[in-house]
Amino acid sequence: MSNNTFSGGVVIANPYPVNQVEIVQAPLPSKVVLPLQQRIGAEAKPCVSVGDRVLTGQIIAKTEDQFCVPIHASISGTVTAIDKQIIPHKSGLKSNCISIESDGQDEWIETQGCGHDFLHCDRQTMIDYVQRSGIVGLGGAGFPSHTKLSKATDCHTLIINGTECEPGVMCDDALMQHHPREVVRGVEILLHITGAKKAIIAIEDDKQEAYQSLLMFSHNDRISLVQLPTKYTSGAEKLLIKALLNIEIPSGGFAADKGVLCQNVSSTKAIYDAVIDQRPLVSRIVTITGDALTPINAEVRLGTSFEQVIGLTKVNSQAHDYRMGGMMMGVDVETTQVPICKITNCIFVNNKKPVQATKECIRCNSCNTVCPIGLLPQQLYWHAKGKNIDKCMDYHLLDCIECACCSYVCPSHIDLVSYFSFAKALSKKQETDQHKTDIARERFEFREYRLERNKQERAKMMAEKKQALKEKMAKDKQADSAQKDKIAQAMARVKKTKEDNA
Amino acid sequence: MHSTGLNTNQIMRQVIYALVLGVSASYVFFGWGIIVQILLGVVSALIVESAFVAMRGRSVLASLSDGSAVLTAILLAISIPSIAPWWLVVVGVAFAIIFGKQLYGGLGNNPFNPAMLGYAFLLISYPLQMTTWPVDFLSLSQVVDEVFNLLNFDGISGATRLDDVKTSLSLGSDIATLQVRSISQSWINIGFLVGGIYLLARKIIFWHIPVAVLAGILTVASLISMLDAQQHLPVQNHLILGGTMLGAFFIATDPVSASTTPRGRLIYGFLIGMLIVVIRTYGGYPDGVAFAVLLMNMVVPLIDHYTQPKVFGRS
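Protein chains in written order, with my numbering: chain Z, 345 to 846; chain H, 85 to 399.
Keep in mind the hints are simulated off the structure, nothing from the lab.
In this text, all values refer to a predicted model and were calculated from it rather than measured experimentally.
For each residue, glycine too, the CB sits at the ideal point set by N, CA and C.
Result set (EDC-like, lysine to aspartate or glutamate): computed pairs, CA atoms no more than 20 Å apart in a straight line:
(1) Lys394(H) with Glu746(Z)
(2) Lys394(H) with Asp743(Z)
(3) Lys729(Z) with Asp388(H)
(4) Lys731(Z) with Asp743(Z)
(5) Lys586(Z) with Asp601(Z)
Output of the computed footprint for chain H on chain Z, the stretches with three or more beta carbons under 8 Å from beta carbons of chain H:
(6) 582 to 596
(7) 697 to 703
(8) 716 to 724
(9) 737 to 744
(10) 753 to 759
Build the full structure now, drawing on both the sequences and the hints.
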């Protein structure tokens, strides 16, 4: 079997640990901003207008796209705007959002799910509930859960990812400690939906409290709890599958191809809510951490601004750097006036630090040693820096999961991952450009062909016409001479008659 | 986000510290020569590096602080005879830094090990000065006289140990007496071995290259001595004489010019070890480390290309 790990990765302890992992209930926000663009798929179309009153959990935007989930109001109140706002994305760009002003009532829509006796519900009904409730992967990928569930038709093992995606993030830990019953019931629901024989809940061995809490509720023989060594990138789906089952998902393939389904613990809890009560996903647990404040976990309504969430804890100093997502794969954000989304698992607030100067790469090999995918980051860096995309592809650029282990260990402090994401973007651009030139070339070639064809056709036509004319002229000539003959004969006859008469 | 592990500058410094034992052993047996050579080398390295980096319009301070120029100078100064004339190390270091490193774009871009490039250049250009070693402990004043050619006295110098051994062997001398005379060399090698183990323990170098170099040396030396034990050095002497340990732990492991894949480093090291013995035994030069390393530096891109590790999810 496996030794519950994979090669590579880095061991990083939580840089800002807390004694007790608690969940702070954030007060109802006075206003929420809900982006219409989800992580994956088309932008949702609003189905409310400015001035409408909406209830908590009401669908306010949806798409036809089967991959997408609808967007729900996370508070009750009045729609105040449907316009472009800054969204929490590394580009810092604006995107269409719906703003709702709270009426302070938090009045919910009425819903009804399968109820606690969910076994009577069929698979498709449950998946529909999951989609209608807007459940996506809450670990950070944001992949819609119903899509994963409907693809998992031939699933033998269910993996519940409770490894916490990055050091410092505690939201899944908090959820497991405070909602163990819901998580385990959620796993049972997933077993029912997928028909999998067994489920494994994977927890890192630094989360003993979470492990113990779950252990108290997991009495089902089909569900087992497995502790993994605390190592960063354990949370990456393919690596987790490798660690637990020793199954390697092929490059470019999906877990479902090998009969495995992965779900994050927070998503599992959300699926529980969706199936039992058809309760839409309108809040999530966010870790607020960093060296500038006292770390907390808070349950926050989606669409609450970062500023308000950060305000829940004591911030120690003035000048800060903000980062959303983890310290490894997260992205820096310039402003705190952006809303919490379904994938916002963590906000880092750090004191401003001087940027560390980078040195040249000395090919020291630290990066190859930690790469969980087995790539050669220093070679990729060399070629990415030279914008030699073909070479990057030889070194399997597209297999890079951008986990930033290489950047973390680099003694020259080179931010290797940004070179790789740059190279990926460049390769995509080259591909699009190539596609464009291909189309342009095809069109040009067709034009040339068309012109040539027209020319030939015209020449042929001309030749035919000429021939026809020639033939006609010859015929005419013939007819002419026949006519002349006739005339001559007639003249001769006339002459003869005249002579005869004379 | 970066780990709090060693940074590039600290790595270079650690390598320099790891050289202390070997250098001390050399001091114990041959006196002040090595210290004077290192000082000369370091000073010229700092001057040459500063001048060249300034000419390239880069930050002189950043470049000097990485310690790579100093390390190159020390490695070269250790490798050349400790009583060589002062200009030898100066010329060697200048060549190493300019042609071995800066012309390729500075640290990290050089295909060849700069110190060994400097060494090879000196050995080819000044064979006499490069093979005249002291035979006894020399005081500071004696060294200064010799290095700066203030006095021209004879009797304190001899041929390179390995050269000496080779010549004596072909003349039919007794191996046992030669082994006794090689004690100083053995201690120096042990000094570098201990320093190398320190680097391994600090995870500054990986085991692949040194182990493979030593394995390569053992393999070829055993083969050769099986063919003709009388005419060739005993196997163990290959390990403790000449630049073996310095080469295995400090020269061949230079990450910039070495192979980078795990399998590649084994191949790279093993071939260096083999070449060292082949050059020592059949070549015209006293020691083979420099040429073995330079030859293998040339092959690194090829080795790296064919030894890529298995990528996750690919067969």
